[in-house]
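For this one, chain A is given, so just place chain B on it according to the hints.
Residue numbers (our numbering), protein chains in the order written: chain A, 1 to 123; chain B, 1 to 150.
These are calculated hints, taken from the structure and not from any lab test.
Model, not experiment: these values are computed from the prediction.
Beta carbons are placed, not taken as given, at the ideal position from N, Cα and C, and that holds for glycine.
Among the hints, a few may not be true.
Some chain A residues near chain B, calculated using beta-carbon distances under 10 angstroms [unchecked claim]:
| hint | residue |
| --- | --- |
| 1 | 2 |
| 2 | 16 |
| 3 | 73 |
| 4 | 104 |
| 5 | 107 |
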Amino acid sequence: MAQTYIVDKDGNQIDASTATVPSDRHFRGAWSLDGTVISEDVTAAKVIFKDKIREVRAPLLDAEDVVYMKALEADDSSAKAASVTKKGKLRDAPAASAIGSADTIAKLKAAWDTSVLGDSPYA
Amino acid sequence: MALTKIGSGGIENVTNAANATFLTIDASEQITVASDGGAVTTSLQKGLAKAWVNFDGSGPTVIRDSLGISAIADLGTGYSRLTFVSSFSNNDYSATGSAVRVSGDQSSIVMPRSLATATVEVDSWLENAGNGSRTFDLGTIGFNIHGDLA
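For reference, chain A alone in the conformation it holds in the complex (with noise of 0.2 angstroms):
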């Protein structure tokens, strides 16, 4: 039967079957071999994270145009600057200050804002 190997961010190599690895793939591109033990490298891992980011908002941000459009048909001031604030917080989010401070994975996972994004993948 074939063999199965990791190879890690860095092309470090190990047979699958003595490695420990980490418990889900999310950070997959993260992850980093020392010994047999795969760990998730934070710094790699915050970009991974903010591209899930990106991808997340993407569909958010051209249904918030659509809202802001109606909005300004309608002459709706209110509605119109609820749709800036909001598209404005899509914008900043791979910003946002704990994603930045995170230095675990689990605060980097806690650190998706579902009030702005929705859902976690990392629930």
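Same frame as chain A, now just chain B:
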């Protein structure tokens, strides 16, 4: 015509009323067989899949079944490297992938990323309707390689 058995005493039960050549083995052991309709011939070796695999890439890589594959390396999200038992004579082989669809509004895509004589790297993607595509750890990946072994 019928070739039903090759036993210790040689080829048995061969009949060929039409007196047509239906199988040829040349000096270099290349086998040519008649086509289904008998109008042409085709190379048996070239027509065989030299390597194939069905594996689960959604978690730790699990190989369900394979032929001609000695190893699979998990290189990242939706990114694997297959190592062949026997190397190909060149990297002009044909590599094709398939996957089981994840859900109704998503498309699963499996394709080669790079071809080498001893390995092939494979990408798997998930395309969301109206929301772009991204590399994804698919649960059922099939990959087949046709070409010339060394």
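- prompt: Are residue 16/A and chain B close enough, Cβ to Cβ, to be under 10 angstroms, as the hint says?
  reply: holds, 6 angstroms
- request: Please verify that hint: residue 107/A, Cβ, nearest Cβ of chain B, below 10 angstroms or not.
  value: violated, 22 angstroms
- prompt: Regarding the hint that residue 2/A lies at the interface with chain B, is the smallest CB-CB distance below 10 angstroms?
  reply: holds, 5 angstroms
Residue 104/A as chain B interface residue, shortest Cβ-Cβ below 10 angstroms: violated, 21 angstroms
field: Restraint check, 10 angstroms cut-off on beta carbons, for residue 73/A near chain B
entry: violated, 23 angstroms
Checked against the numbered hints above, the structure breaks hints 3, 4 and 5 and satisfies the rest.
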